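*Asks:* These are the residues of each chain, in order.
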Amino acid sequence: GENVEQHPSTLSVQEGDSAVIKCTYSDSASNYFPWYKQELGKRPQLIIDIRSNVGEKKDQRIAVTLNKTAKHFSLHITETQPEDSAVYFCAGGVGGGSNYKLTFGKGTLLTVNP
Amino acid sequence: DVKVTQSSRYLVKRTGEKVFLECVQDMDHENMFWYRQDPGLGLRLIYFSYDVKMKEKGDIPEGYSVSREKKERFSLILESASTNQTSMYLCASSLLGGVTGELFFGEGSRLTVL
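First to last, the protein sequences are chains A and B. If you're matching positions, the first sequence starts at 3 in the working numbering and goes up one per residue. If you're matching positions, the second sequence starts at 12 in the working numbering and goes up one per residue.
Pulled out of the complex, with its shape left as it was, chain A reads as follows:
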C-alpha cells in the first residue's frame, strides 16, 4: 500500500520567514495530494491540494509543488505569521468507492515565533 513520509516532524521559524515541509510517497499510482492544517484543539482543514497533472499550485502565501518522477511534494509558506502555527498533514491518494485510498503523513508541528 501507499506510504507517505513527512519531514520535518517539527519546524520553528521566525515571523516573516518562509517554511517548507516535504513529503515523499511510494505508490506511483497516487494522483492527488492534499494538505491539511490542524490548529491546536481544532479539527483538520484542507488548505491546498494538487493533482498529478500539475507541477505547482499557489494560493496567496501558500504553494505546493509536485515532482512525480521523484515522488515527492512540498508545502511552501511565505511570510509566515503567528496564526500559521499548527500541525500540517500531507496526504497522497488515488481511487474512490471501495477502492478509496488516501494515506496521511505523520504531521509537522510548525511554530512561528513573533
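Hints in this document: simulated from the structure, not taken from any laboratory. Model, not experiment: these values are computed from the prediction. Treat the hints with care, since some could be wrong.
[To be verified] Straight-line Cα separation of at most 25 Å, PhoX-like style, residue types lysine-lysine; simulated pairs:
(1) K14/B x K103/A
(2) K108/A x K73/A
(3) K68/B x K103/A
(4) K81/B x K66/B
(5) K60/A x K39/A
(6) K82/B x K103/A
(7) K39/A x K14/B
(8) K68/B x K108/A
(9) K44/A x K14/B
(10) K81/B x K103/A
(11) K64/B x K103/A
(12) K66/B x K103/A
(13) K81/B x K14/B
(14) K44/A x K24/B
Model the placement of chain B on the given structure of chain A, informed by the hints.
*Replies:* Okay, now just chain B, sitting in the frame of chain A:
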C-alpha cells in the same frame, strides 16, 4: 457550512466495555470516515463507508467495527475496549466519490480506556 458532529467530545471507559462513537453529517455526503489520531503517528484510517450499509476496512481496523444504517450517520464500535485504544477519534465526510473530495472533520472524540 458543512457540519460534522461527533456525539461525545470526551469519554472514559473501562477495559472490556463496549463503546459507541456516533457521527452525524448534515450535508448529504456520500462518504464517511473514521480516523484515529495519535501523537507522532498522524491520521490513520480505521474504516470508511462510501454508501449506506457499505463499509470498508482502512489501515487499522482490528478491534473496531462500524455501522452505517442511514446516510447521515456513521458509528464506530469498540466491542471490547482495550487500553491501547486510548486515542483521539476523528470522523470525517466528503461529497465526492474519490480521494479528491475534501474531507470535513468533526471536532473529535477523546477516548480514555482505563
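*Asks:* Which of the listed hints are broken here?
*Replies:* none
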